[in-house]
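Residue numbers (numbering that gives the first Met the number 0), protein chains in the order written: chain A, 0 to 351; chain B, 0 to 254.
FYI, nobody ran anything at the bench for these hints, they're computed from the structure. In this text the structure is predicted, and so the values were computed from the model without any measurement. You may find that some hints are simply not true.
[Claimed, not checked] Below are the DSS-like pairs computed for lysine-lysine, each with C-alpha atoms no more than 27 angstroms apart in a straight line: (1) A:K119 x B:K201; (2) B:K173 x B:K201; (3) A:K161 x A:K25; (4) A:K317 x A:K277; (5) A:K20 x A:K69; (6) B:K173 x A:K161; (7) A:K155 x B:K140; (8) A:K288 x A:K277; (9) A:K317 x B:K41; (10) B:K75 x A:K317; (11) A:K155 x B:K173; (12) A:K155 x B:K155; (13) B:K201 x A:K161; (14) A:K25 x A:K69; (15) A:K69 x A:K138.
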Amino acid sequence: MSHANERLFDHQLAREVKLRKSRAEKDKRMPLKDAVAEFVQDGDSIVETGFAYVRGPMAAFWEIGRQRKKDLVGIFTPGGMNTAWHEFGGMEGCHVAYVGVEMRGLISPFRRGVQNGTLKVYSEWSHGGLALSLLAAEKGVNYVACKSMLGTDIMKTNPYIKEAEDPFTGEPVCLVPAMYPDVAIIHVHHADKFGNGRIWGPAVNDTSICIAAHKVIVTCERIVDTLDIRTNPYQVIVPHYCVDAVCEVPYGAYPGDMPGMYYFDRRLQERVVRVEWKTAESTREWYEKYILGTKDHFEMIQLIAEDEGMNVIDYLKKLEQLACDASFYGLGTWGIGGEREWKYEEVAKRAI
Amino acid sequence: MSEVQYTPRELLACVAARLISDGESVFVGTGLPLVGALLAHKLHAPNMMAIYECGAVDPEPRVLPWSVACSWTYHKAPTILSMTSVFGHSRAGYADVGFLGGAQIDMYGNINATCIGDYDNPKVRLTGSGGANDIASLCGKVIFMGLHLPERFPEKCDYITTPGFLDGPGAREKAGLVGGGPWRVISHLGVMGFDEETCRMKLISYHPGVTPEVVQQFTGFELIIPDDVTETPKPTEEELRVLREEVDPNQLFVF
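For reference, chain A alone in the conformation it holds in the complex (with noise of 0.2 angstroms):
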């Protein structure tokens, strides 16, 4: 088998992987824990989509750590809590833009594994630079010639990008070329059985990523009806036909902030990335206590919740209504208003 990063930039390849992909609608609906066990294989590269902890796959990202997933390449535009495969052997390298939480400071077990040569940078991005890569792939141009990195020493740690005359003007150009992860998983709001999604709030890469990526699988809040979808057509961000997963996964992005659903869940994160994953050891014991050591997404958010001894769905419901009304953007409208109650039977039930 190949190095991830051989099949990264080759167009070829990736038309052969579509080509071969179905377009009926068929009933892609399966539980997360399958959907990853086909769909994410040891050595892959997986992009990140959404923005971090806005909209990620988080129950998604879990479920490949608890299933012991080896070598995956992350494409980090940006990155977040999910850097802390690589204390597990869960990620062997990775293409650079962001990886941090902001004012909430860097990420340990991403900082200690580069510092200690443990975990590889293979290429240094701006967030522009590689949304235009994966823009490339979805455009179904070769690459985009753009004005950001030019003159740093991005472009010295870059190995995929050149510096190029522009045929035109005769001006410096950066040019970067399509890139085809082989694995997205998108977190969205609602989507059919079929795999078309709808989101609230930016798209961010989403779409160009849907389209890169060899293999896709859908995490949603909620599995609505085609007509619906049909129907009402704006907002969807990924068609049915990269699809090869749906799975619904409420609360699927938390501790991420779902727009219009719930806030990020900003104490845990902050504890998490500056105390309990401070060293190696003390990420293990996190992980094992509430990844490897919960059977799914639900459980480990009950489990959270019986730390901080409150509903942090709830709270977290409540801190997006302060700012953002569901009700207001039509996602009243929608059904995912803030009218479900938190019930981890029911919830974990529901997404079988």
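Once you've looked at the hints, dock chain B against the given chain A.
Below, chain B alone, put in the same frame as chain A:
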């Protein structure tokens, strides 16, 4: 009359806000830039427009966001775009000011957010560029905010993540960069700009309680100190009231 009391971070937020003019579009980074932009919006720049790299443009934030991508940044935004769109619009000329942070800034305004020490064998690995490189490559002018220490203001950055004037006059044009480059640096000791001829950092004002000599002592290179440097005006009562009561009532960023 009693003296107005304020914290160093409150001063920084006020200084940042004053640098934003009404009607400007501002590409906002996380942390204090968020506070400064929101303060300007509520004080003297009601027609200011914020742009966030996740794709949000021109929101009316109800409360201070904790992140440049969270849903609080697109409250009442007229449209929510994608990452390539907002950077593309900056290249097209729709972003006047870029607001950034970083671990190091050198005398030509180049910023390091990637690593301390040798890249291949880093002493400290940092976050990487994020949108900072794009913002500094494409926006009209760039404001940098950060702590003022000799190792954070070195003569040369360990790694240039984000372009300033690179290695001096004419270098940005030669490299093919579009935007105007660094404009102001706000530190906890003073406000700096850049000399038009040499592109080197120069002091504009020093904060109350500080002298130009102190600013120089905490700078790892020779700072240009013109004769007309002044003391940074203290925050006014009105600035502090809006900051404390409306922008950051929970003291998330300014403490």
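We went through each hint and held it up to the structure:
1. A:K119 x B:K201: violated (39 angstroms)
2. B:K173 x B:K201: holds (23 angstroms)
3. A:K161 x A:K25: violated (42 angstroms)
4. A:K317 x A:K277: Roughly 30 angstroms between the alpha carbons, so the hint for K317 (chain A) and K277 (chain A) is violated.
5. A:K20 x A:K69: holds (26 angstroms)
6. B:K173 x A:K161: Between K173 (chain B) and K161 (chain A) the Cα gap is close to 16 angstroms, so the pair holds against 27 angstroms.
7. A:K155 x B:K140: holds (25 angstroms)
8. A:K288 x A:K277: holds (16 angstroms)
9. A:K317 x B:K41: holds (25 angstroms)
10. B:K75 x A:K317: holds (18 angstroms)
11. A:K155 x B:K173: Within the cut-off at roughly 17 angstroms; holds.
12. A:K155 x B:K155: holds (17 angstroms)
13. B:K201 x A:K161: Distance ~34 angstroms between K201 (chain B) and K161 (chain A) Cα, so the pair is violated.
14. A:K25 x A:K69: Answer violated: K25 (chain A) to K69 (chain A) is near 30 angstroms, above 27 angstroms.
15. A:K69 x A:K138: violated (31 angstroms)
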